[in-house]
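2 protein chains.
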Amino acid sequence: MQKNVIKIGFLGLGTVGGGALQILRQNGEEISRKVGAEIEVKRIAVRDLKKARALEVDAALLTDQVEHVVSDPEIDIVVEVMGGVEQARFAIEQALENGKFVVTANKDLMAQYGQQLLAVAKKQKKNIFYEASVGGGIPLIRPLKHCLAANRIKKIMGIINGTTNYILTQMSKEGKEYETALAEAQAKGFAEADPSNDVDGWDAAYKLNILAGLSFSGIIAMNDIYVEGVSKVKLRDILYAQELGYAVKLLAIGEESEAGLKLRVHPTLIPQNHPLAAVENEFNAIFVEGDAVGEVMFYGRGAGSLPTGSAICADIMDAARAIKNEIQNCVIEANFAAKKVVPMEEQVSRFYLRLKAKNEPGVFAKLATAFGNERVSLDMIIQKRSDEQTAEIVLVTNDVSEGSFNQAMDKIREMPSIQSINSVLRVVE
Amino acid sequence: MQKNVIKIGFLGLGTVGGGALQILRQNGEEISRKVGAEIEVKRIAVRDLKKARALEVDAALLTDQVEHVVSDPEIDIVVEVMGGVEQARFAIEQALENGKFVVTANKDLMAQYGQQLLAVAKKQKKNIFYEASVGGGIPLIRPLKHCLAANRIKKIMGIINGTTNYILTQMSKEGKEYETALAEAQAKGFAEADPSNDVDGWDAAYKLNILAGLSFSGIIAMNDIYVEGVSKVKLRDILYAQELGYAVKLLAIGEESEAGLKLRVHPTLIPQNHPLAAVENEFNAIFVEGDAVGEVMFYGRGAGSLPTGSAICADIMDAARAIKNEIQNCVIEANFAAKKVVPMEEQVSRFYLRLKAKNEPGVFAKLATAFGNERVSLDMIIQKRSDEQTAEIVLVTNDVSEGSFNQAMDKIREMPSIQSINSVLRVVE
Numbered sequence: 124m125q126k127n128v129i130k131i132g133f134l135g136l137g138t139v140g141g142g143a144l145q146i147l148r149q150n151g152e153e154i155s156r157k158v159g160a161e162i163e164v165k166r167i168a169v170r171d172l173k174k175a176r177a178l179e180v181d182a183a184l185l186t187d188q189v190e191h192v193v194s195d196p197e198i199d200i201v202v203e204v205m206g207g208v209e210q211a212r213f214a215i216e217q218a219l220e221n222g223k224f225v226v227t228a229n230k231d232l233m234a235q236y237g238q239q240l241l242a243v244a245k246k247q248k249k250n251i252f253y254e255a256s257v258g259g260g261i262p263l264i265r266p267l268k269h270c271l272a273a274n275r276i277k278k279i280m281g282i283i284n285g286t287t288n289y290i291l292t293q294m295s296k297e298g299k300e301y302e303t304a305l306a307e308a309q310a311k312g313f314a315e316a317d318p319s320n321d322v323d324g325w326d327a328a329y330k331l332n333i334l335a336g337l338s339f340s341g342i343i344a345m346n347d348i349y350v351e352g353v354s355k356v357k358l359r360d361i362l363y364a365q366e367l368g369y370a371v372k373l374l375a376i377g378e379e380s381e382a383g384l385k386l387r388v389h390p391t392l393i394p395q396n397h398p399l400a401a402v403e404n405e406f407n408a409i410f411v412e413g414d415a416v417g418e419v420m421f422y423g424r425g426a427g428s429l430p431t432g433s434a435i436c437a438d439i440m441d442a443a444r445a446i447k448n449e450i451q452n453c454v455i456e457a458n459f460a461a462k463k464v465v466p467m468e469e470q471v472s473r474f475y476l477r478l479k480a481k482n483e484p485g486v487f488a489k490l491a492t493a494f495g496n497e498r499v500s501l502d503m504i505i506q507k508r509s510d511e512q513t514a515e516i517v518l519v520t521n522d523v524s525e526g527s528f529n530q531a532m533d534k535i536r537e538m539p540s541i542q543s544i545n546s547v548l549r550v551v552e
Numbered sequence: 124m125q126k127n128v129i130k131i132g133f134l135g136l137g138t139v140g141g142g143a144l145q146i147l148r149q150n151g152e153e154i155s156r157k158v159g160a161e162i163e164v165k166r167i168a169v170r171d172l173k174k175a176r177a178l179e180v181d182a183a184l185l186t187d188q189v190e191h192v193v194s195d196p197e198i199d200i201v202v203e204v205m206g207g208v209e210q211a212r213f214a215i216e217q218a219l220e221n222g223k224f225v226v227t228a229n230k231d232l233m234a235q236y237g238q239q240l241l242a243v244a245k246k247q248k249k250n251i252f253y254e255a256s257v258g259g260g261i262p263l264i265r266p267l268k269h270c271l272a273a274n275r276i277k278k279i280m281g282i283i284n285g286t287t288n289y290i291l292t293q294m295s296k297e298g299k300e301y302e303t304a305l306a307e308a309q310a311k312g313f314a315e316a317d318p319s320n321d322v323d324g325w326d327a328a329y330k331l332n333i334l335a336g337l338s339f340s341g342i343i344a345m346n347d348i349y350v351e352g353v354s355k356v357k358l359r360d361i362l363y364a365q366e367l368g369y370a371v372k373l374l375a376i377g378e379e380s381e382a383g384l385k386l387r388v389h390p391t392l393i394p395q396n397h398p399l400a401a402v403e404n405e406f407n408a409i410f411v412e413g414d415a416v417g418e419v420m421f422y423g424r425g426a427g428s429l430p431t432g433s434a435i436c437a438d439i440m441d442a443a444r445a446i447k448n449e450i451q452n453c454v455i456e457a458n459f460a461a462k463k464v465v466p467m468e469e470q471v472s473r474f475y476l477r478l479k480a481k482n483e484p485g486v487f488a489k490l491a492t493a494f495g496n497e498r499v500s501l502d503m504i505i506q507k508r509s510d511e512q513t514a515e516i517v518l519v520t521n522d523v524s525e526g527s528f529n530q531a532m533d534k535i536r537e538m539p540s541i542q543s544i545n546s547v548l549r550v551v552e
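So the sequence lines, in the order shown, correspond to chains A and B.
So for the first sequence, this note's numbering puts the first residue at 124; every next one is plus one.
So for the second sequence, this note's numbering puts the first residue at 124; every next one is plus one.
Honestly, I wouldn't trust all of these hints.
Copies of the same chain look alike in the list, so a pair counts if it works inside one copy or between any two.
Derived EDC-like pairs (lysine to aspartate or glutamate); straight-line CA-CA distance at most 20 Å [said to hold, decoys possible]:
id: 1; residue 1: 126; residue 2: 449
id: 2; residue 1: 245; residue 2: 449
id: 3; residue 1: 268; residue 2: 152
id: 4; residue 1: 268; residue 2: 161
If you are wondering where the hints come from, they were derived from the structure by calculation, not from laboratory data.
Note that the coordinates shown come from a computational prediction; the quantities given were computed from them, not determined experimentally.
Input sequences plus hints: build the corresponding full structure.
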């Protein structure tokens with residue numbers, strides 16, 4: 124017999140949980156009509172029962188015991204929006220073992236333990252939905268799992284961290300230095316007090332792990348991903364990039380080649396007419412390239428209470444439909460395989476390099492020779508006088524492996540005429 | 124007991140059907156792994172058994188009888204890619220009544236008879252999947268049905284016809300006149316020998332009907348949509364638009380307001396920095412604005428054999444999963460309601476107007492007065508001398524209802540100093 128009321132329990136009621144709850148209230152009637160069953164919030168576990176909340180919540184719904192949600196036999200779906208890894212992992216495992224469907228926005232958790240948790244879900248003939256873990260409300264997980272499922276995905280590339288994109292946009296549009304832009308992002312709530320998870324690239328790397336796993340049906344370890352953040356990007360580099368026709372963006376890139384998977388997150392120069400160059404401030408955009416569909420792009424707000432709540436609610440609706448239709452064993456991500464990963468040393472890029480050299484004859488020839496010896500050819504060069512004694516040189520190389528580039532750089536660093544290497548960034552056309 | 128082999132039959136094997144078949148062959152192993160069952164093509168109905176085909180097909184699979192597909196008891200899924208309305212409608216009804224799931228790329232059919240067919244599917248506890256009917260391989264139907272399902276959709280706006288976008292891009296980038304651009308599009312296979320379905324806006328209107336129906340849960344009749352094609356757009360207007368900071372695109376726009384639905388397809392001036400202005404040639408892009416998610420955009424190739432085949436195959440996979448999981452009654456579009464539609468007369472736009480007037484004192488004052496009497500204020504004006512006797516005037520109005528604008532135009536047409544009204548286009552900011 125089909126259920127007419129689906130009961131859900133929340134773990135956490137912060138920004139994302141609050142957003143989801145607000146949408147369930149605001150659009151509840153439509154949501155129930157579409158699902159064909161009423162969605163009832165039965166219990167909400169919070170850390171502090173007495174905390175003041177933006178959203179009015181019946182005190183009888185609240186509990187400070189996770190157990191009261193994950194073990195309540197009436198609850199069909201557990202919505203994990205408490206964050207953190209260990210406690211959330213334990214709670215989700217319990218929920219699955221108690222026969223519940225799970226919805227989560229937890230990217231750190233899904234990146235690191237997604238496969239294990241999905242295996243538990245499979246064993247229990249339930250499922251975990253995690254659309255909200257990447258790209259806020261932008262549809263990405265479902266498109267990869269369903270709409271593009273007939274494609275062999277060749278590449279994914281995108282801006283999947285709103286905080287760093289806000290910082291880089293402010294630097295490039297308003298001419299702000301990194302530190303100023305970061306402080307403003309913090310003041311506006313786009314960056315946390317400890318911004319390291321965002322600015323060091325880890326947030327993007329967790330999300331890339333999830334997207335690449337789905338795209339390439341691969342089990343990916345976090346240390347398979349090369350991660351470099353934006354904290355070393357200088358306003359000066361952004362201005363030079365603009366002069367050369369590029370914008371600087373923190374890109375997450377995943378590719379499958381015959382040699383294996385290539386997975387990396389780093390600040391990147393991309394041509395100003397590339398659609399990703401136009402993605403500003405807290406917005407996200409992700410290109411997916413499939414062998415059949417070609418390139419498709421998804422764009423929108425990658426974070427925030429209501430956008431992320433939108434994804435959570437879509438997942439709740441799909442879980443509710445699965446329950447209503449008594450679907451068993453709908454987990455399709457649980458037969459992923461470990462894949463060979465191409466070491467960063469062997470990956471090929473173009474490079475942007477900014478350095479200071481003594482303003483003396485023959486310096487440039489020595490530089491060019493050092494690159495030439497490693498078969499690195501140069502595509503663009505800007506040389507400006509810095510002061511009487513010093514010249515600032517900006518180079519863009521053609522394609523070269525990280526290994527060869529680094530060998531050339533080792534030699535360049537030893538040259539007496541080179542005063543400082545100020546910046547090394549990668550370039551994607 | 125779960126099925127291990129899902130058998131499908133094709134109706135038609137043209138561009139789209141051929142693309143889908145090619146993908147099923149090329150990525151068949153992966154597709155079967157993801158579905159958890161083998162997908163076997165059992166029968167293909169074609170018009171002409173002897174026609175030479177790009178794709179090699181076992182002659183034993185072919186039949187020239189639709190009946191052999193829709194009535195074969197072994198076939199689980201019927202893929203309708205034969206096009207046309209009446210015969211396809213009858214075949215799909217038969218297939219549903221014989222207990223089959225249906226996948227279709229037929230936008231004309233789904234726009235005009237989608238609700239009736241979905242009602243049959245509901246009665247039969249089957250479903251119709253039609254992702255390929257709009258936007259080729261770009262995920263749109265599933266995002267609206269699932270990913271954004273918790274949102275109240277406020278607006279959809281996009282470029283959903285590749286042929287006209289190719290023509291307008293060639294006009295604006297290469298300075299070609301409409302007729303030249305159209306002839307080239309025909310030579311390249313982007314436009315048909317009889318291009319009227321595309322250039323008159325009907326293809327976009329069918330797709331808007333489908334998208335708006337899903338977005339607003341509404342039953343929409345084709346004559347609820349205001350449709351204007353691109354054949355009257357002159358190169359001269361595109362150049363003036365550029366001078367004023369706009370690009371000209373054929374937009375399909377659907378909005379839900381308190382007064383009702385607003386549905387229209389027409390060539391539109393949009394600001395050059397709007398993301399849709401950057402969508403070139405045969406590409407499509409669609410903005411969706413939801414109350415929770417904000418604005419999201421989907422971008423990619425809106426037509427072509429493999430991109431559209433990608434959507435067909437995704438639908439085959441979802442249908443196969445539904446069969447494997449014995450899902451009954453998964454139709455969620457069958458409880459749509461008729462909605463009030465705001466007549467075009469009452470819709471509000473800004474307008475671009477190009478006209479020729481006698482080069483004599485007071486002409487502009489008369490024009491401005493005619494607009495002022497209808498409370499139409501002017502935002503931008505360009506006046507150029509055409510020859511000794513004639514001035515060309517280009518105006519952009521502020522927001523005004525179609526009704527008031529047309530009344531002003533009626534008066535202006537009667538003025539002796541006005542020689543010709545050369546162009547009227549709408550402007551969206």
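These are the hints, each one checked on the structure:
1. 126 with 449: both (9 Å within a copy, 17 Å between copies)
2. 245 with 449: Answer is both: 14 Å inside a copy and 18 Å across each meet the 20 Å cutoff.
3. 268 with 152: Cα proximity of residue 268 and residue 152: across copies only (16 Å, versus 28 Å in one copy).
4. 268 with 161: between (26 Å within a copy, 18 Å between copies)
Violated hints: none; the structure is consistent with every hint.
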